[in-house]
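Undergrad: For chain A, the structure is supplied; the task is to place chain B on it using the hints.
Chains as they are written, first to last, in my numbering: chain A, 1 to 341; chain B, 1 to 341.
It cannot be assumed that every hint is accurate.
For identical chains, the list gives no copy identity; a pair is met inside one copy or between any two copies.
Unchecked claim - Pairs of lysine to any residue, SDA-like flavour, derived with a Cα cap of 25 Å:
1) Lys121 <-> Ala11
2) Lys121 <-> Val223
3) Lys121 <-> His170
4) Lys183 <-> Val259
5) Lys76 <-> Ser7
6) Lys183 <-> Ala197
7) Lys183 <-> Phe256
Calculated from the structure, these hints are not laboratory results.
These numbers were taken from a predicted model, which means no experiment stands behind them.
Spelled out, the chains give:
There are 2 protein chains.
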Amino acid sequence: MDIESVSGNEAALADAVESALRGLGRLEVTRNGDAVVARTMLGRAERIILAGHLDTVPLPTVAGSRGTVPVSWDGKVLYGRGATDMKGGVAVQLAIAATVPEPSKDITFIFYDNEEVAAVKSGLGRLARENRELLDADFGILLEPTNGTVEGGCNGTIRFEATTSGLAAHSARAWMGENAIHKAAPILARLAEYEPATVTVDGLDYRESLNAVKIHGGTAGNVIPDQCVVEINYRFAPDKSPAQAEAHVRELLSGFELVCTDSSAGARPGLNAPAAASFVAAVGREPLPKYGWTDVARLSEMGIPAVNFGPGDPLLAHSDNEHVDADAIRECLAALTRWLG
Amino acid sequence: MDIESVSGNEAALADAVESALRGLGRLEVTRNGDAVVARTMLGRAERIILAGHLDTVPLPTVAGSRGTVPVSWDGKVLYGRGATDMKGGVAVQLAIAATVPEPSKDITFIFYDNEEVAAVKSGLGRLARENRELLDADFGILLEPTNGTVEGGCNGTIRFEATTSGLAAHSARAWMGENAIHKAAPILARLAEYEPATVTVDGLDYRESLNAVKIHGGTAGNVIPDQCVVEINYRFAPDKSPAQAEAHVRELLSGFELVCTDSSAGARPGLNAPAAASFVAAVGREPLPKYGWTDVARLSEMGIPAVNFGPGDPLLAHSDNEHVDADAIRECLAALTRWLG
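If we strip away everything but chain A, and leave its shape as in the complex, we get (with noise of 0.2 Å):
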C-alpha cells in the first residue's frame, strides 16, 4: 500500500509482484504490460484462479483524512487507499503463493491492471485477448472483499437514457410551446410504482432493482423546456442476458425514446463446480449473492466459473474511511490454506 497504484500508475506494483514472484523460484511467471500471471505446475487433476486487482481508485482529497499514501498501521486495522479494495486480497494471494508449496489443486495467480477505469482498459480482458491459454481454469476466485463470505455470481447492470422532447417558448406565452419536463411525469410514476424483482438463481436470492439515477431538463427560468433526460439504471439477476434485461425495460416504458448506454453481463454464482462445493465447505460459511458488477462476469464469460471471496468490508471501498481488519486477512488466507492443503 506504501507503492502509489491508481489506474495507469501500477508500474511500480506490478514490477515489486513479479519480483516477489519470480523470486519464490517455483512458478511460471508471465509479465503482460501491468498484469502478471504465476502459475504452480504441479500437474494436479484440478486448476484454480486466484485473482485480484492491483490498481486502486484515485487517492482522497479530504485534508485530514486517513485514506492518504502512507498508510496508517496500528497492528490490528490498515488504513488507506486500496486497503478494502483490494490490496487485501491481493495479499492473501501473495501469502498463498509464499506458504502453500503444495498445494492439492493447480493454482494460476492473476494480478491485473485497470480494474477500476473503463472496462476497455481492464487488463483482464487484455490477458483474455492476448494471453487466453494462461487463464485454463476448473474455478474461479475472485479475491475482492466480501467479508470472509463466497459471495456468488454478480447482478448485471445496464443503463438508458429516456428522452422527452417538446417545443421551447417564453414562459409567458406558455401555449406556445410544450413542456418536456411534464411529459417526464409518466416515465417517474412507472419507475416508482415499479416493485423490483428477486429472483433466485443456483440458490442464490438476487434483489434487483430499477432506478432513476439522473435527470436534467431545462435551460433557463423563463423558457417552457425543449427537452428532459432521464438516466435509468438497471440491475437485473443473472437469469437474464443483456438482451433480456433490456427488453423488460423496454416495455415498461413503451411508448418512450429509450436510448441504451451501456451494459455488462450478470453472472451465475457458479456454486454447482465441485471445486466450489468442496470450497465453500472449507470456508464454512453459507454462500451469498453478490449485487454489485465484478469481474467475476469477465471469469464467467471465459466459461470459468467463479466466485468473489475476500477480506473487508466491500462498503468501505473508494471511501475516504477505507480500512481493513488484520485479522480478516488473516481468516481469509487460513480458509484458502485448509482448502489448498
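TA: Only chain B this time, still in chain A's reference frame:
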C-alpha cells in the same frame, strides 16, 4: 443602434439622448445616472408619460448573425440588437419630442437604463426612489414592442423551487437508499394535469400558465439520487397579488417542500383611465392583454395607469434575427401624433 448599449453600458447612448433633448430648448431635462427625464411644462390639464429603456441584452454571438453592431439597414427593415426591444420605441419617443412642440397634454419623456437585468438594478426603479416627483402623471405609455396594438397591463410572475429529498446509496444496493427523483413524479404529474385559467380583468382576457421550467437531480450513474429540484414558474393574471398566486401554487403542490425564489406583481390593464380611452380611440385597434411582465407593472404600483404600445414584434426580442420594419415605427409615431396633436 450604432451606439452599443448592453445593460450597464448605457452612458454613451444616454449622453446622446440627453444632448438631443436639451438641444430642443423647450424641455426641462434631468439626468439621473444613465436615465434621462425630459418634461414639457405647458400647464396642460393632463400629463402623460412616454417611457422606454435604453439598454439591450448582450450582442448575439452566432457567427454570421445579422444581429451584431453595426446594424444593417436597407431602407425598409432595420436589423440589429435592440431593433425590436426597444430602439424602435425609443425612436418614436425622440420623434415626438422633436416634432410635436405643442402637445394637447403635457408629456414626461423617460429614457432609462438596466431594464434587461435584475429588477434591483432598474433605472426606472431608481428614478421612482430618487426623483419620484418627476414621474407624476395621469397615464403612462411604455413603448415596448406590441406590433402597434395597445396591450394593457401584464401578468404577474412567481418562481418556486420544489425539492424532494432521499438517501444516497450504491445503485447495486438500491434498497439501502431512497430515490429522490422518483419522489418528484407526483410534482410533474400535478403540473402536467393542471389546466391553467383564463381570467378576464377590466375587459381583457389574461391567459395564465404554470410550468416546470427546469429539473435536475442525481450525481452519478451508479448512485441512488438523494435530491431532485424542480423549478416552477407561474404566470398569473393581474386579478391576483403575488401572495395569492403563491397560495394557489402551494395548495396545488401541498405536501412538497416549496421555496418561493422570485416574484413580480402583475398590472391591471389601466384602460379605465380617461386618457387611456382617448388613446385607444386614436390608435383605432382593439386593445389586447399583455402576457409578459413589463415595467407597466412598476408604473401601476406607483398609481399611474399604464399600457404597452410600441412598434415591432415582441417575439423577435432577444433573438439573433432581431429586426423592426420602418413602417411599424412610422405607424406608431403617427398614432401618437394624432392623439397628442
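Undergrad: Please go over all the hints and tell whether each is borne out by the structure.
TA: Here is what the structure says about each hint:
1. Lys121 <-> Ala11: Within one copy, since 15 Å is at most 25 Å while 59 Å is not.
2. Lys121 <-> Val223: between (42 Å within a copy, 22 Å between copies)
3. Lys121 <-> His170: between (46 Å within a copy, 23 Å between copies)
4. Lys183 <-> Val259: Close inside one copy (17 Å) and across copies (23 Å); limit 25 Å.
5. Lys76 <-> Ser7: Classified as neither: same-chain Cα gap 27 Å, cross-chain 65 Å, threshold 25 Å.
6. Lys183 <-> Ala197: Result: close only across copies, 20 Å inter versus 27 Å intra.
7. Lys183 <-> Phe256: Classified as both; 10 Å inside a copy, 20 Å across copies.
Hint check: a violation occurs at hint 5 only; the rest are consistent with the structure.
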